[in-house]
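Top line first, the protein sequences correspond to chains A and B. Just so you know, we're using the numbering used here here: the first sequence kicks off at 1 and counts up by one. Just so you know, we're using the numbering used here here: the second sequence kicks off at 1 and counts up by one.
Be a bit skeptical, because a hint or two may be false.
[Stated by the list, open to error] Here are the simulated EDC-like cross-link-like pairs (lysine to aspartate or glutamate), alpha carbons at most 20 Å apart as the crow flies:
hint, chain 1, residue 1, chain 2, residue 2
1, B, Lys227, A, Asp115
2, B, Lys227, B, Asp290
3, B, Lys270, A, Glu195
4, B, Lys187, A, Asp140
[Stated by the list, open to error] Pair by pair, the computed Cβ-Cβ distance ranges are:
hint, chain 1, residue 1, chain 2, residue 2, range
5, B, Gly26, A, Ile48, 25 to 35 Å
6, B, Ser103, A, Lys89, 47 to 57 Å
7, B, Glu312, A, Pro287, 25 to 35 Å
8, A, Gly33, B, Gly26, 17 to 27 Å
9, A, Lys89, B, Glu94, 25 to 35 Å
10, A, Met240, B, Lys182, 46 to 56 Å
11, B, Met128, A, Lys249, 24 to 34 Å
If you're looking for bench data, these hints aren't it; they were derived computationally from the structure. On a predicted model such as this, the values are computed, not experimentally measured, just so you know. Glycine included, every Cβ here is placed at the ideal spot set by N, Cα and C.
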Amino acid sequence: MESNKQVPVTVLTGFLGAGKTTLLNRILTEQHGKKYAVIVNEFGEQGIDNDLVVDADEEVFEMNNGCICCTVRGDLIRILSGLMKRADKLDAIIVETTGLADPAPVAQTFFVDQDVADRTKLDAIVTVADAVHLSSQLTDHHEAEEQIAFADVVLLNKIDLVDESGLEAVKERIRKINPFAKIINTTKCGVSLNEILNLDAFSLKRVLEVEPDFLESDHDHEHDDDVTSLSFVSDTPLDMEKFQDWFSKLLQTKGQDILRTKGILDFTGESDRYVFQGVHMLMDASPMGKWPEGKVRSSRLVFIGRNLENMNLKEGFENCKSA
Amino acid sequence: MKADLNKFPELNKTKFENRGKELRLGIPVINSVVIGNSIAVGFGDGTIRIFKAGQSSEPIKAHNGIVLCISKDGDDIITGGDDGRFLRISLNGEISEIANFGSRWVDHVTANNGSLVCTSGNNVYLWMAGRKEPRILEHESTIGGVAFDSKGRRLAVSRYGGVTLWKKDYSNKWKSSNLLWKGSHNKVIFSPDDRYLVTSMQENQLHFWRLKDKTDSTMSGYGAKVKSFAFVHDTKYLVTSGSNDAVCWPFDGIGPEGRQPICLPFVGNKLVTFVEPFPNENAIFTGLSDGSVFLSEIEKSSNTIMIRSFTEFEVTTISVTEDGSSILIGDMAGNILWTSIWDEENK
């Protein structure tokens, strides 16, 4: 998924009223001289100020490949393929989803469709969240959890309307679901655009750079969120065959509940670092060069998903260690 | 001693290129349509150009963004664009707007026997001969393709989950039936004898139905999406893109089920991106992802001629005039070759 010719695509998710359209209009007015295409859903909150606005239908297709959670956005395939035939080149494409959309089919479209993958690349999923209402939304709507779980950036908006302890509580809840997401506090979506655009968050190189923001200790279970994250670290090298065997079976059987995975792996007898990141059952993986000198070689693996505690992940990971 | 031809790319040109007209427009070529001995081409900047022997081919501004689709209605060109307009364009270049859907794209257009069709989103808009207002045929998902049968009495609409087949009864009412197959279906065509219906899918495969008994089957084994496919004139073969070979499925007798296709290979192992039958011959033109185009006889694969050399950019259209005398080739970077097929002495 890495080439200069690919047009970056930023996905904006978030509940109705969180401030997606405000952010969108900020991007469009501040990025002078750049050509953007904006793909909006038909339930858009207010007008969008751009030459090139395309209406989408959020049509989710199941791929007929025997993989039940492998869904894609059919309308995106059609629209992105069309946009790539334009004579004038686009600097970026922004996809706004409806408040109740699951981000997985959007992300999976970039793994599954070869034309889309050849000409565009998923840059990042940016979730706009309302600091006042996110907590109750997370409790009431699984879509809100998915939008946080898939986010590369959470734009925590309207922070002027909550007190400090309220803000900390909601941030802690976000981190528990998704330790990878960068949380940016804003009022009225006031954020520097280089914090949300051109992040290349789905490239394997970025997996190496982002240090997950794990919680220090296991806090009280005040909110039992459905979606959680679990991470594992090992300084003992892993056996490649054992790992592949365990991991592929895990994704095949539990891929529906595993929303996102990322990892850097140290295999016995291999001089390269192995890096991967995945969405449900789909995976992008590659050796990414030698381990940096003087640094401890260790494997790190993070899961974000549902029912993770019932997957024997710790035991499975432990069993992959080289004897 | 052998000359290093790579250092002198102009020496690599074929005789078809040397005697033809080449344009380097830098605008993606979307598709083209043949009207008699004229060929109309749609481009990624909203223009079309009409190529006819002995005439210049000036751009005609039709759509504001992209010409998404191009077809014909009698002697007129019809186009749909991302500006939401459905247009009729005469061979003289006069434009008239048939319908305007605003911010909704017009994805597919077709016509036959007085009926005129465009699609936008989930809807087919169907104008019957002499009617001003279209009939709207609704579908549950976005339409991937439309095709009339040879008489214009049946309209196939491909979509997610299969094909909706609309049939005009003798009181001119359109009634639908469904041909179902899981997955998302894109382009759809009837065989010239109307016995078969073929779709390409989001997966790297084609699906076909034999209409008399609605039996169906899949043609798979492709390395890429099958975007271009067509029946050669006598319906004996369906030629398809999506592989390193031009894959020709036999549709004579019992049809392709359980039979092996003929695979026509090309040098360089590039992906076949466009296929076009040679009118009235058992031969095809094949365009590859590197811009090269070959003419091959289906049952004599050794008999292959290079028509156009490499441009680096995938072939997005090939059209041959009805009399079989001239060919137009276009690619993703807007390079066009418009040339005669026959040598002077063979005419």
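Hint-by-hint comparison with the structure:
{"no.": "1", "hint": "B:Lys227 <-> A:Asp115", "result": "11 Å, holds"}
{"no.": "2", "hint": "B:Lys227 <-> B:Asp290", "result": "16 Å, holds"}
{"no.": "3", "hint": "B:Lys270 <-> A:Glu195", "result": "40 Å, violated"}
{"no.": "4", "hint": "B:Lys187 <-> A:Asp140", "result": "42 Å, violated"}
{"no.": "5", "hint": "B:Gly26 <-> A:Ile48: 25 to 35 Å", "result": "30 Å, holds"}
{"no.": "6", "hint": "B:Ser103 <-> A:Lys89: 47 to 57 Å", "result": "22 Å, violated"}
{"no.": "7", "hint": "B:Glu312 <-> A:Pro287: 25 to 35 Å", "result": "30 Å, holds"}
{"no.": "8", "hint": "A:Gly33 <-> B:Gly26: 17 to 27 Å", "result": "21 Å, holds"}
{"no.": "9", "hint": "A:Lys89 <-> B:Glu94: 25 to 35 Å", "result": "32 Å, holds"}
{"no.": "10", "hint": "A:Met240 <-> B:Lys182: 46 to 56 Å", "result": "36 Å, violated"}
{"no.": "11", "hint": "B:Met128 <-> A:Lys249: 24 to 34 Å", "result": "57 Å, violated"}
Hints 3, 4, 6, 10, 11, counting from the list given before, are not met by this structure.
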